[in-house]
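Using the sequences and the hints given, assemble the complete structure.
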Amino acid sequence: MTPVQRTVTKTVIALIGMVCFTIALVPLYDVFCQITGLNGKVASQAQPIISEEVDTSRYVTVQFITRTGSGLPWRLEPLDRQVRVHPGQSYKVLFAFTNYGDEARRGRAVPSVSPSEASLHLRKVTCFCFQEQRLEAGEHLRLPVVFQLTTDLPESVHTVTLAYTLYPAANNPTLGERAMPAQGGDA
Amino acid sequence: MRKVLVLAVMVVAIAGLQRNALASDWNMPVGVTEISRSVYSLHMLIFWICVVIGVVVFGAMFYSLFRYRRSKGAKAAHFHEHTTVEVFWTTIPLLILVAMAVPATATLKEMYDTSESDLDVLITGHQWRWQYEYLGEGVSFFSNLSTPSAQIEGEAPKDEHYLLEVDQPLVLPVDRKVRFLTTSADVIHSWWVPAFAVKKDAMPGFINEAWTRIEEPGIYRGQCAELCGRNHGFMPVVVHAMEQDDFDAWLAERKQQAASAANSVDREWKMDELMAQGEKVYSTICAACHQAEGQGLPPTFPALAGNQALMDDLEKHIGVVLNGVSETAMPAFSGTLNPVDIAAVITYERNAWGNETGDVIQPSDIQARLSSE
Amino acid sequence: MAPKLPPKAPLEHGNSITGGASAHEGEHHYRSGPLRWLLTTNHKEIGTLYLIFSLSMFMVGGIMALVVRLELFQPGLQMVQPEFFNQMTTMHGLIMIFGAVMPGFVGLANWMVPLQVGAPDMALPRLNNFSFWLLPIAFVLLLSTLLMPGGGPNFGWTSYAPLSTTYAPPSTTFFIFSLHMAGISSILGAINIIATILNLRAPGMRLMDMTLFVWTWLITAFLLIAVMPVLAGVLTMMLLDINFGTSFFNAAGGGDPVLFQHLFWFFGHPEVYIMILPAFGIVSVIVPTFARKPLFGYSSMVYATASIAVLSFTVWAHHMFSVGLPLVAELFFMYATMLIAVPTGVKVFNWIATLFRGSITFETAMLFALAFIVLFSIGGFSGLMLAIAPADFQYHDTYFVVAHFHYVLVPGAVFSIMAAVYYWLPKWTGHYPDERLGRWHFWLSVIGVNLLFFPMHFAGLAGMPRRIPDYALQFADFNMASSIGGFLFGFSQLLFIWVIVKCVRGGVKAPARSWDGATDLEWTVPSPAPLHTFETPPDMRRIES
Numbered sequence: 001m002t003p004v005q006r007t008v009t010k011t012v013i014a015l016i017g018m019v020c021f022t023i024a025l026v027p028l029y030d031v032f033c034q035i036t037g038l039n040g041k042v043a044s045q046a047q048p049i050i051s052e053e054v055d056t057s058r059y060v061t062v063q064f065i066t067r068t069g070s071g072l073p074w075r076l077e078p079l080d081r082q083v084r085v086h087p088g089q090s091y092k093v094l095f096a097f098t099n100y101g102d103e104a105r106r107g108r109a110v111p112s113v114s115p116s117e118a119s120l121h122l123r124k125v126t127c128f129c130f131q132e133q134r135l136e137a138g139e140h141l142r143l144p145v146v147f148q149l150t151t152d153l154p155e156s157v158h159t160v161t162l163a164y165t166l167y168p169a170a171n172n173p174t175l176g177e178r179a180m181p182a183q184g185g186d187a
Numbered sequence: 001m002r003k004v005l006v007l008a009v010m011v012v013a014i015a016g017l018q019r020n021a022l023a024s025d026w027n028m029p030v031g032v033t034e035i036s037r038s039v040y041s042l043h044m045l046i047f048w049i050c051v052v053i054g055v056v057v058f059g060a061m062f063y064s065l066f067r068y069r070r071s072k073g074a075k076a077a078h079f080h081e082h083t084t085v086e087v088f089w090t091t092i093p094l095l096i097l098v099a100m101a102v103p104a105t106a107t108l109k110e111m112y113d114t115s116e117s118d119l120d121v122l123i124t125g126h127q128w129r130w131q132y133e134y135l136g137e138g139v140s141f142f143s144n145l146s147t148p149s150a151q152i153e154g155e156a157p158k159d160e161h162y163l164l165e166v167d168q169p170l171v172l173p174v175d176r177k178v179r180f181l182t183t184s185a186d187v188i189h190s191w192w193v194p195a196f197a198v199k200k201d202a203m204p205g206f207i208n209e210a211w212t213r214i215e216e217p218g219i220y221r222g223q224c225a226e227l228c229g230r231n232h233g234f235m236p237v238v239v240h241a242m243e244q245d246d247f248d249a250w251l252a253e254r255k256q257q258a259a260s261a262a263n264s265v266d267r268e269w270k271m272d273e274l275m276a277q278g279e280k281v282y283s284t285i286c287a288a289c290h291q292a293e294g295q296g297l298p299p300t301f302p303a304l305a306g307n308q309a310l311m312d313d314l315e316k317h318i319g320v321v322l323n324g325v326s327e328t329a330m331p332a333f334s335g336t337l338n339p340v341d342i343a344a345v346i347t348y349e350r351n352a353w354g355n356e357t358g359d360v361i362q363p364s365d366i367q368a369r370l371s372s373e
Numbered sequence: 001m002a003p004k005l006p007p008k009a010p011l012e013h014g015n016s017i018t019g020g021a022s023a024h025e026g027e028h029h030y031r032s033g034p035l036r037w038l039l040t041t042n043h044k045e046i047g048t049l050y051l052i053f054s055l056s057m058f059m060v061g062g063i064m065a066l067v068v069r070l071e072l073f074q075p076g077l078q079m080v081q082p083e084f085f086n087q088m089t090t091m092h093g094l095i096m097i098f099g100a101v102m103p104g105f106v107g108l109a110n111w112m113v114p115l116q117v118g119a120p121d122m123a124l125p126r127l128n129n130f131s132f133w134l135l136p137i138a139f140v141l142l143l144s145t146l147l148m149p150g151g152g153p154n155f156g157w158t159s160y161a162p163l164s165t166t167y168a169p170p171s172t173t174f175f176i177f178s179l180h181m182a183g184i185s186s187i188l189g190a191i192n193i194i195a196t197i198l199n200l201r202a203p204g205m206r207l208m209d210m211t212l213f214v215w216t217w218l219i220t221a222f223l224l225i226a227v228m229p230v231l232a233g234v235l236t237m238m239l240l241d242i243n244f245g246t247s248f249f250n251a252a253g254g255g256d257p258v259l260f261q262h263l264f265w266f267f268g269h270p271e272v273y274i275m276i277l278p279a280f281g282i283v284s285v286i287v288p289t290f291a292r293k294p295l296f297g298y299s300s301m302v303y304a305t306a307s308i309a310v311l312s313f314t315v316w317a318h319h320m321f322s323v324g325l326p327l328v329a330e331l332f333f334m335y336a337t338m339l340i341a342v343p344t345g346v347k348v349f350n351w352i353a354t355l356f357r358g359s360i361t362f363e364t365a366m367l368f369a370l371a372f373i374v375l376f377s378i379g380g381f382s383g384l385m386l387a388i389a390p391a392d393f394q395y396h397d398t399y400f401v402v403a404h405f406h407y408v409l410v411p412g413a414v415f416s417i418m419a420a421v422y423y424w425l426p427k428w429t430g431h432y433p434d435e436r437l438g439r440w441h442f443w444l445s446v447i448g449v450n451l452l453f454f455p456m457h458f459a460g461l462a463g464m465p466r467r468i469p470d471y472a473l474q475f476a477d478f479n480m481a482s483s484i485g486g487f488l489f490g491f492s493q494l495l496f497i498w499v500i501v502k503c504v505r506g507g508v509k510a511p512a513r514s515w516d517g518a519t520d521l522e523w524t525v526p527s528p529a530p531l532h533t534f535e536t537p538p539d540m541r542r543i544e545s
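Those protein sequence lines, which keep their order, are chains A, B and C.
According to the numbering used here, the residues represented by the first sequence are 1 to 187, in order.
According to the numbering used here, the residues represented by the second sequence are 1 to 373, in order.
According to the numbering used here, the residues represented by the third sequence are 1 to 545, in order.
There is no bait here: all hints are sound.
Taking lysine-lysine and the DSS-like style, the derived pairs with C-alpha atoms no more than 30 Å apart in a straight line are:
| no. | chain 1 | residue 1 | chain 2 | residue 2 |
| --- | --- | --- | --- | --- |
| 1 | B | K177 | B | K255 |
| 2 | B | K270 | B | K255 |
| 3 | C | K509 | B | K75 |
| 4 | B | K316 | B | K270 |
| 5 | B | K255 | B | K280 |
| 6 | C | K509 | B | K72 |
Hints listed in this document are in silico derivations from the structure and should not be mistaken for laboratory results.
Note that the structure is a prediction, hence the values are computed from the model and not measured.
Okay, here's the thing in structure tokens:
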């Protein structure tokens, strides 16, 4: 190999390395978010409750916000807008799902936690957000979230906000309205 | 000749700037919160440090340029390094940076304070309006730009608060810690009020928080700070800060209004009532995308006028307005508009601009669709 | 109009080519007309092509900027509708960054790197031809999106998802494709430059003997290799999200729009330095020439450049202070960003120490280089202010940021390219550029650029967000001043074209060493540089002694 070929080979290897690194950044980012709580992301799988002594000296307000994104005729409401909890204790809250549309649909609730410092200390045993939900037309459903705030939650955090945004599940077979903008555009 | 031109430009510049000195500020507002004041003093501190460094550095430069001109007979020296000097001008900036970082860190920590708040407001960015929800109070409303389009198009003189006025401002109490939770229904927006030094991005599907404690009653204006599409420049933020008593009265009145709106759902509405209400709703909510005459802006925003596919399918029309269309700019209005407004706007769209379907949609019908069982 | 070509090498010169050096030469010598330009593998001709392309894109992007400034001349919507305005701001950014500044620097590298290291040509001449011709194709495609239904890209050059994915116009796929092509062109160019610098240096030339321009380009080329794949990756994810139903950036499918910003700025911040490091190199070459004194602190300049490049990978999230990062992240990115001021400061101090006790003259090239030092420093100061995270909450996405990066890029990067053109025109054409016209061009540009960008600081501090087609009344005077400055700056560039055309056609003949203070290797070959130079490499050991 000539020196030029050697240099080019090394440069191309570095280039391929950067391409692989870029692809790896996507899963790395998710891991990083879950380790640091960046962007208020929480684990998307059930976590076991840590058995630890309940810190009864301290109350934290946990607030629930629910929203529905476009394209899903569903309503999601927490039965309690907020609860006062002791760190260490596990709690169960119920959420009411309603499909007021006239066909069965699948939807998915995307969680987000604020402040992001709290997301590391929020453990969820049960959550409807772990998987897609399917509701028949007109169906009404109550689903629980069982969660625990760990006792090492920073002292400065007094309120934890847990937001769920409902989106139509991907590859939804009944996404009939997708045709809508195209038709409108032709008109 | 050259001097004349330079002079002319300078005169234009100075004249322009002087007029401005009378009209408004040149600098960051000091604001009406503790945080905004610390941000302001931080800004001024760094600014003056930069000015001093600039004077020293540019002073040395212009001295050299003036003193060592060849036209004045300067002979070049030949030194090209000096370790002591180089170490010196690497360490001095480091020390200056540390001096800047200390107050900056303190202010930043204050901004991230998470102590208990007195009022929580959920701010949702929409293309192109803000929605404010007072958490736990059951009060929620849109805040739309209220500058008439005639002023924007230059057909009418512009008001003092051109582009910075809304139909319903966010009302907040003074001397209370208010927590803002921001999120978005579509693209990324950014909620910004300079007087509070609060700017927080509103992310679809995610939630962010910020806080403020306003110290003086008044009206504070800001704008969306993140490019969010066509009307990014037309979604101002207006905050009306008032004393706690006034705020309580205002909140009670809002609740009253919501209750009476709920009552009016059940009665039978006449076509012309619905059309009048629908036109109002259409022009504040829908016209930004679908345009004043329903002509739309294809391919992104479909036309409504003469949209035969839509006119033939009432069910779909209602469904789209209630639930939006995923992956497009069409939001779901079931949670943000009341049944009266939804019924009115659908009736209006089906009977305006030559869409003469004659359909009348009753608020009670919309209400029935939204209630389960 | 096409500039006059450098005279072709005399035949006997061609015959003297020995061994491998002639492998890539040959038939194009006998071609003429367009085919010669299409197939050329000569670094000087390709350099010229890059520079002409860069200048034309500078004009196209400039016209778009003038559309923007015209609309912003007064409050209200007069000239264009908001969607077209957004397309203009987006296209202006894309064209200036990927079409004007980067190809401008690549063109200078093509011309000057082989001349400054004593190489006969670039290491990979045919690849060089390919990487150039990708660019016109990419930009014709990019410009054609303006004519497509729904218009061109309208989401800002940063193309934040989901505005650039779910909510983007249908032409976005073409935008992605054209940026891919421009990115491939940059990567190939970077590989070529690295291979040339590392392998084709004249015998006896050590790395620490190279000019600063070659050094900064070497580091820039490594930056390009490192971050262009990231841009390609993020664009591909956009493409998948738009056309194949994935959800990298779509919260509805479990994705995250903030991921886009992290990836984009991981590319974007080094990209900023890609556009400024070669400028440092140019200024570090021009200032010693006209101060007639060696560059002060050569080795600290090299180390400063390298540390800026390394630091550029650790600061990306300072573009994202308001997206809701945790406190620790904000602090980390604030400190890292502030740290960049140190090596940048060292550079400015070194330039001034080079001027100190020199014997200074003020040719146009020097004027542009001096204006670069002052105005780039102003951009650096506002950059330092922007680094302060709590204050950035007030500056972010306002005209203060617009003022900052235009100070860094226009009187920064663009002025350095202009300085380089004035500096090397005698070498390229054999004639000195017209000094009188050059001075007119310089002074009109300096006044125009400051009138254009300085008031933007005030508009931003007073609260004007960026990327808006219409604004509140308190910003009116600042905007009017900016627009006047914009037109002054824009139209004075016609003078620049005139100077270049005039210089190509004739003028005072320049000797091989066109500037009496110039010491680098390119000044040992005749002016204009013949098509083939350094076929017998100069022996640096001999020259030194």
